[in-house]
Amino acid sequence: MSSLLDRIVAFADAKIVVLGDAMLDRYLLGNVIRISPEAPAPIFEIGQEELRIGGACNVARNVASLGGHARLLSVVGLDPAGEAVAKIASETPGIAAAWVRDPKRKTTVKTRFLASGQQMFRADQESRDDIVPEIVDELMAALDPALAAAHCLVCSDYSKGVLTSQSLRRAISSARRLEKRIIIDPKSMDMRRYAGATVVTPNAREASSATGINCDTDDGVAAAARAISSMTEGGIVIVTRGSLGMTIFEPDGAAGRVTHLPTESREVNDVTGAGDTVVAALALALAAGSPMIEAAQLANAAAGIAVATHGTAAVEASRLLAAIQDSIIEMEETKVMSLETAAKVAASWRRNGRKIAFANGCFDLLHPGHLSLLRFARRQGDKLVVAINSDESTRRLKGPNRPVWTEGERCGMLAALGIVDLVMVFAEDTPLRAIEALRPDILVKGADYSEAEVVGGDFVKALGGRVALAPLEAGYSTTSALLRASSAVFPRN
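The sequence shown begins at 494 in my numbering and counts up one residue at a time.
Accuracy of the hints is not assured; some may be wrong.
Straight-line distance between alpha carbons at most 25 Å, and here's what the computed DSS-like set of lysine-lysine pairs gives [as the list claims (entries may be wrong)]:
hint: 1; residue 1: K597; residue 2: K580
hint: 2; residue 1: K876; residue 2: K954
hint: 3; residue 1: K837; residue 2: K848
hint: 4; residue 1: K597; residue 2: K508
hint: 5; residue 1: K848; residue 2: K954
hint: 6; residue 1: K876; residue 2: K837
hint: 7; residue 1: K580; residue 2: K599
hint: 8; residue 1: K597; residue 2: K673
hint: 9; residue 1: K603; residue 2: K680
hint: 10; residue 1: K848; residue 2: K876
hint: 11; residue 1: K580; residue 2: K603
hint: 12; residue 1: K508; residue 2: K673
hint: 13; residue 1: K599; residue 2: K680
hint: 14; residue 1: K673; residue 2: K837
These aren't lab readings, by the way, just hints derived from the structure by calculation.
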């Protein structure tokens, strides 16, 4: 998890091109004072007005607030709303915008009426007609030089006419020619329009509409994501699912690989703009070198912050760093679990296609030899489970003066290691019962054992797994560490 913090810091070097529909979000804050005598409608007394940039502009705003650099390309009308959008964007640090002005176009404005923090209703003013070929040409003329200096292209489609079939095709072609990743937040039910994208990020409703598959269950979402991947010619699909988190489908092998991430949000106040936050954080994480699942985890965490915020949200890097740090602390506390719970977690990992590595030992007085073994074990699989001998079991194996640290203390130290995903205690002299319950893919022991001597090895190999023997770090053991500590405290004359 600490690597996620490094990725967020690296957002500062990321350059993202954002192409799509620009809009102005207008918030009227006030109170409902009574019911109108003219009709059964509330009278809304306006107290304050706030203007924010929305749509593709909010994606760029999130890129900038998360610490990256956004190059925003869009079309606005020659109207006051278009001027307001351009002005707000120009005043936002981290955004450099290139506007195409269309005198025949009306800039989209969404006006929201909020009383006591709750949205009462919304009024929209917009043009949804496709931009004409001449405007497409102007937009594409600005795209190539912007892409040349960027890491990723984000296409933010709100179905307001900027991302036409022609402009999408040309943008995707340009990005692929320059070997840039392409992330698309779709709105159209025709997912074939987004063919060639690296990642497509529909929400569950959009995924269901595009495929006709019910997305209320994990299996349904996975099936819809698989179908969308096929429609987009093998793209990765991330389905955002609100309170249920997100599902990632990677077309890896015949069946593909499905990962379900639970929601990171503790409180949902407003989902406005949460999809913008997801694609911004995803693009930045990929630009910073994150593999896809790690990038999705960061995007999921950013979305959790966004939905806890009222209005069109822009998540700051400092808030994301704090959220990840809190998750690390919570994860350390929740990594330690009973055998029964560990078995359920391991089964969930297997369903998501994860390979599980298993290591065991007393791990008393953690030393560099232990760390070498654990690093080796972590490289063998996607998840690492460490099972430690209980205090009683350790005494039977090591003598009455051991362990130095209690099983709770040993669990806490192991859980604090980022390379360890799960820690459990076993009371028996061998971990065979734990191995049979967890059914790991790789069983790891030190090379001072032969493969035939590894407890549970035959069981794991019968499941199709293997035994891996870790090279030993010479000179390290708990016994030698205790002797060194003793000689330091009580030196010989």
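Quick rundown of the hints versus the structure:
Only pairs whose Cα atoms come within 25 Å are accepted, and K597 paired with K580 is accepted, the gap being roughly 20 Å. Under the criterion of a C-alpha separation no larger than 25 Å, the hint pairing K876 with K954 is consistent with the structure, at around 18 Å. For the hint pairing K837 with K848, the CA-to-CA distance comes to about 15 Å; that is within 25 Å, so the pair holds. Note on K597 and K508: the hinted pairing is violated, with a Cα-Cα distance of about 32 Å set against a maximum of 25 Å.
A hinted pair counts as satisfied when its Cα atoms are at most 25 Å apart, and K848 with K954 qualifies at roughly 14 Å. Restraint check for K876 and K837: the C-alpha separation of about 14 Å stays at or below 25 Å, so the hint holds. A C-alpha spacing of about 17 Å is found between K580 and K599, which places the hinted pair at or below 25 Å, so the restraint holds. For the given pair, K597 sits about 33 Å from K673 by alpha-carbon distance, which is inconsistent with the 25 Å threshold.
Note on K603 and K680: the hinted pairing holds, with a Cα-Cα distance of about 17 Å set against a maximum of 25 Å. With a C-alpha separation of about 6 Å, the suggested pairing of K848 with K876 holds against the 25 Å cut-off. Using a Cα cut-off of 25 Å, the hinted pair K580 and K603 holds, with the two alpha carbons roughly 17 Å apart. For the given pair, K508 sits about 11 Å from K673 by alpha-carbon distance, which is consistent with the 25 Å threshold.
With a C-alpha separation of about 20 Å, the suggested pairing of K599 with K680 holds against the 25 Å cut-off. For a cut-off of 25 Å, the pair hint linking K673 to K837 is broken: about 39 Å separates their Cα positions.
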